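For the sequence shown, our numbering gives the first residue as 28, with consecutive numbering after it.
Misleading hints may appear alongside valid ones.
As the list claims (entries may be wrong) - Within a straight-line C-alpha distance of at most 30 Å, the following computed BS3-like cross-link-like pairs (lysine-lysine) qualify: (1) K131 - K89; (2) K32 - K75; (3) K32 - K89; (4) K172 - K89; (5) K111 - K89; (6) K268 - K247; (7) K268 - K298; (8) K99 - K74; (9) K172 - K227; (10) K247 - K298; (11) K184 - K75; (12) K172 - K131; (13) K172 - K184; (14) K81 - K111; (15) K32 - K81; (16) K111 - K131; (17) K262 - K184; (18) K172 - K75; (19) K81 - K99; (20) K172 - K298; (21) K74 - K227; (22) K99 - K247; (23) K262 - K99; (24) K32 - K74; (25) K32 - K111; (26) K111 - K99; (27) K227 - K32; (28) K172 - K111; (29) K74 - K131; (30) K247 - K262; (31) K111 - K67; (32) K131 - K298; (33) K32 - K247; (34) K74 - K89; (35) K99 - K89; (36) K184 - K99; (37) K67 - K81; (38) K99 - K172.
Calculated directly from the structure, the hints in this document are not laboratory data. All of these numbers come straight from a predicted model, not from anything done at the bench.
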Amino acid sequence: MQQRKITFIGAGNMAHAIIAGLISAGYPANNITVCSPTTKNRDQLVKKYGIHGKSDNSDASKHADVIMLAVKPQIMETVCQPLKEQVNFANKLVLTIAAGIPVKRYQQYLAPNINLLRVMPNTPSLVGQGVSGLYAMDSVLENDKTFATELMASVGKVFWLTNEAAINDIIAVTGSAPAYFFLFMELIQQEAERLGFDSKIARELVLYTAQGSAALAASKSDLSFATLREQVTSKDGTTAKALEQFYQANLAQIITNAMSAAIRRAEEMEKQY
């Protein structure tokens, strides 16, 4: 990976995940700075990984080659204001992980000629098993795209998007999707407990079944999910009867409605911010 000075603005879970991934991949700690007004999170990262820590976002950004905006969309404009006034973005690469804020807004928040990539990771990045969708402005150079790919590959798989609107789609497909799976796991655990299983055992039964199912699907990449489902399902058997309930409840339409709602909310946020 190219050795560039990276400043993280924000010290939350996703910043932590990416920093951990970089260090694990052998990236020099001396090239990483984390900025946050919350000293607890910042100091924990500094102590754990041996990186630099600062409270002044603008000062740290002035000396960075790459700036990672890892703050919530609700405070993005406030965070960017002093950067706009004090930092020259001409030769810097900016990455943002905030949902719902389009490129044109960052051109207002920071600089019209900014070189910006939008990155949409998901929470499995915290354990190096994430999925990130990336979109780059036309002005971003190929070597910057390569760097961004290597950066996010430190926490999982990377997929490039051909247009900015696809960021909202990937939020529904991968960004929000861990919550869908967790909800399904939660409900199966609840039913297992109702059937009499101890809560710890019920959780492990669900967890290991989910892990095994994902591992099986990964090992059988030539088979569709539908085929894998069919291989579990005997005609008129127990699985078939269970699946009938999902079909009768129109689970497919529920999934469509849920993902459409996520996309609509992302589009609403673009207008809001």
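For a C-alpha distance cap of 30 Å, please report whether K67 and K81 respect it. Given that 30 Å is the threshold and the Cα spacing comes to 12 Å, the pair holds.
- prompt: Given the hinted pair K74 and K227, is their alpha-carbon gap at most 30 Å?
  reply: Status violated; Cα separation ~34 Å.
Straight-line alpha-carbon gap K184 to K75, limit 30 Å: Since the Cα atoms of K184 and K75 sit roughly 25 Å apart, the hinted pair holds (cutoff 30 Å).
Is the hinted pair K184 and K99 satisfied, with a Cα-Cα distance of at most 30 Å?
Within the cut-off at roughly 23 Å; holds.
Regarding the pair K227 and K32, is the alpha-carbon distance no greater than 30 Å? violated, 45 Å
Check your understanding: Given the hint that K32 pairs with K75, does the C-alpha gap stay at or below 30 Å?
Key -> holds, 19 Å
| query | Taking only the CA atoms, is the gap from K32 to K74 under or equal to 30 Å? | reply | Holds - the C-alpha atoms of K74 and K32 are around 19 Å apart, at most 30 Å.
Does K184 lie within 30 Å of K262 when you go C-alpha to C-alpha?
-> Violated - the C-alpha atoms of K184 and K262 are around 37 Å apart, more than 30 Å.
- Item | Pair hint outcome, K172 versus K227 [Cα-Cα no greater than 30 Å] | With Cα atoms ~44 Å apart, K172 and K227 exceed 30 Å; violated.
Take the C-alpha atoms of K172 and K75, compute the straight-line distance between them, and say whether it is at most 30 Å. holds, 29 Å
**Message:** Hinted pair, alpha-carbon criterion (30 Å max): K32, K247. Please report holds or violated.
**Reply:** Violated, because 40 Å separates the two Cα atoms, which is more than 30 Å.
- CA of K32 to CA of K81, is that 30 Å or under? The given pair, whose Cα atoms are some 14 Å apart, holds under the 30 Å limit.
Violated hints for the displayed structure, listed by number in ascending order: 7, 9, 10, 17, 21, 22, 23, 27, 29, 33.
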